[in-house]
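Chains as they are written, first to last, in my numbering: chain A, 1 to 415; chain B, 1 to 160.
Please keep in mind that the hints were generated in silico from the structure rather than gathered at the bench.
All values reported here derive from a predicted model rather than from experimental measurement.
All C-beta atoms in this analysis are idealised placements derived from N, C-alpha and C, irrespective of residue type, glycine included.
Please note: incorrect hints may appear among the correct ones.
[Claimed, not checked] Straight-line C-alpha distance at most 27 Å; calculated DSS-like pairs for lysine-lysine: (1) K383(A) x K357(A); (2) K191(A) x K52(B); (3) K234(A) x K191(A); (4) K23(B) x K344(A); (5) K32(A) x K191(A); (6) K23(B) x K52(B).
[As the list claims (entries may be wrong)] Simulated restraints, written as ranges between beta carbons of each label pair: (7) R146(B) x R364(A): 54 to 64 Å; (8) D297(A) x R116(B): 32 to 42 Å; (9) P7(B) x G145(A): 25 to 35 Å; (10) E37(B) x G71(A): 44 to 54 Å; (11) S38(B) x T346(A): 34 to 44 Å; (12) R363(A) x T148(B): 44 to 54 Å.
[As the list claims (entries may be wrong)] Just so you have them, the derived chain A footprint on chain B, three or more residues with Cβ under 8 Å: (13) 4 to 12; (14) 58 to 70; (15) 98 to 110; (16) 125 to 135; (17) 138 to 146.
Spelled out, the chains give:
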Amino acid sequence: MSENGVRLLPVDDDSWRLEAHLRQGGYETARKAVTAMAPEDVIAEIRKAAVRGRGGAGFPAGMKWAFVPRGCPGPRYLCVNADEGEPGTFKDRLVLLRAPHMLLEGMLITAFAVGIRTAFVYVRGEYAGVARRLEEAIAEARAAGYVGTRLFGTDFGLEVVVYYGAGAYICGEETALLESLEGRRGQPRVKPPFPATVGLFRSPTVVNNVETLAAVTQILARGADWFLGRGLPKDGGTRLYCVSGAVRRPGAYELAVGTTLRRIIEVHAGGTPEGRSIKAVIPGGLSAPLLLPEEIDVPMDFDSLALAGSMLGSAGIVVIPDGTPMLDVLLTTARFYAHESCGKCTPCRIGTAWILKIVERLRRAGGSPADLDLILELADGIKGRTLCPLGDGVAMPIRALVVKFRGELERTVAR
Amino acid sequence: MSYAPSPAALKRIEEAIARYPEKSAALLPALHVIQDESGFISRDAEVWVAAKLAIRPVRVREVLSFYTMLRRAPAGRHTLEVCRNISCSLAGAEEIIRLITDKLGIAPGGTTPDGRITLVTVECLGNCDHAPCLQVDGIDLGPLTRETVAALIEELKAHV
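Construct all of the structure, not just a fragment, from the sequences and the given hints.
See the structure below:
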């Protein structure tokens, strides 16, 4: 929950309705942008706010927009990344459920700033039920003149299409998402060219995360300075920190970027249940290397987590309690990436499969320290050798698990 | 060709085609419509959708074999998708899966002999604050206990 009142995620029961959004001044910010601002001024304000991508990569949103070439003929597209699949992350689900108009308004502002007339919302197939609210919100907005042609009495218009994935983690990677949207396997493209120049249907395309776009509405409504003041100079605003695992109050907490991991866990999520203690914490979704209990005073922003040898990623915090066998955590991690590797790059396809085979054998029949070294060797063979970040997303957490819990793992597999 | 969608499904597929600048972009939406209606995508349906979108059938098969939610064989009337990723496993997902397999007498990936219930294990459903969780016919349930799971299975067995 936000500590100073203004929320990205509203709490009213009907918050997902147009009526509730309008009560909070809804669509007035988009109206201001479209009728009273120049597109470049909108981009400048978003750049100034230092809003870094909330999907995981943390790329500054305003800069991404500025990469779209201006003045060239042909269409441009906005793709909204609602393919939330990073284990431990459920914030975009909550935006879709509770603030779909906040997202739509952010999409309108973005589209106006970049000169876009068509937006696709790529929703993971498992969120089809959740996205019904978004579909209803789009219908409401269309009926009220906030989606469609000639909006706010101008020539500006935006068509919005909701597209459903069908169960593939990799489609959260922006170029895999574009491939999927074009009706193909979700396999990442070689970059460059980046989507900003050659994206969906070979046209310039902006791909932004759901939470990022909702934040765009806040930024333009209250100004970049206000937004910056809630976070850090290079990483502005609040974020939706998801907490799950061994805590008293699992949930999403809207807090200033840079709030410490310890404070989020102990104060907001209520700490571990009675009689339990923390064994390790995953700070930013399963791809983020885990931290030991003595490492959780780290501020939760992109740069601080990178300095701590981990990653803020999607800000999905998972608290692993004492007594959890780390070989089980290793299995869960290895199984996930072996399942989700798209198969395009050999190091990732083969490496993830071999790591899983070894971990399954260690669970079944035990092994020796040499097996742990082999896992590290395989992880290092993936890192930096794949087209997309999934490869690093396997290698880094596996390495952290094996290195930080080597003693326990050696004892477990020794039999 | 023995596959033909119902008029309502055909209308949905044609509406989908109209939404994209390239016909082939409607492949996933079309497959969703076919699976919603038929429960799975048959070989004949693959050939039909390829012709409809003017793409080669192999392109349909490529897509069909990539996405885990698309089925090439019929499933049970109800589908249980149980999450076993990190937050759910910490909350006892393996025990939940064992309980369900015991009650249904099938392993994950299987369907009960009466064709009523299919059980699959899935990766993160993005509902981690409700761990351990599952989806039953696409509807989210959680946090699960032994009691809620037992009650759910009884309900599915009784449901026509």
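**Q.** Hints breached by this structure
**A.** Those not satisfied are hints 2, 5, 7, 8, 12, 13, 15.
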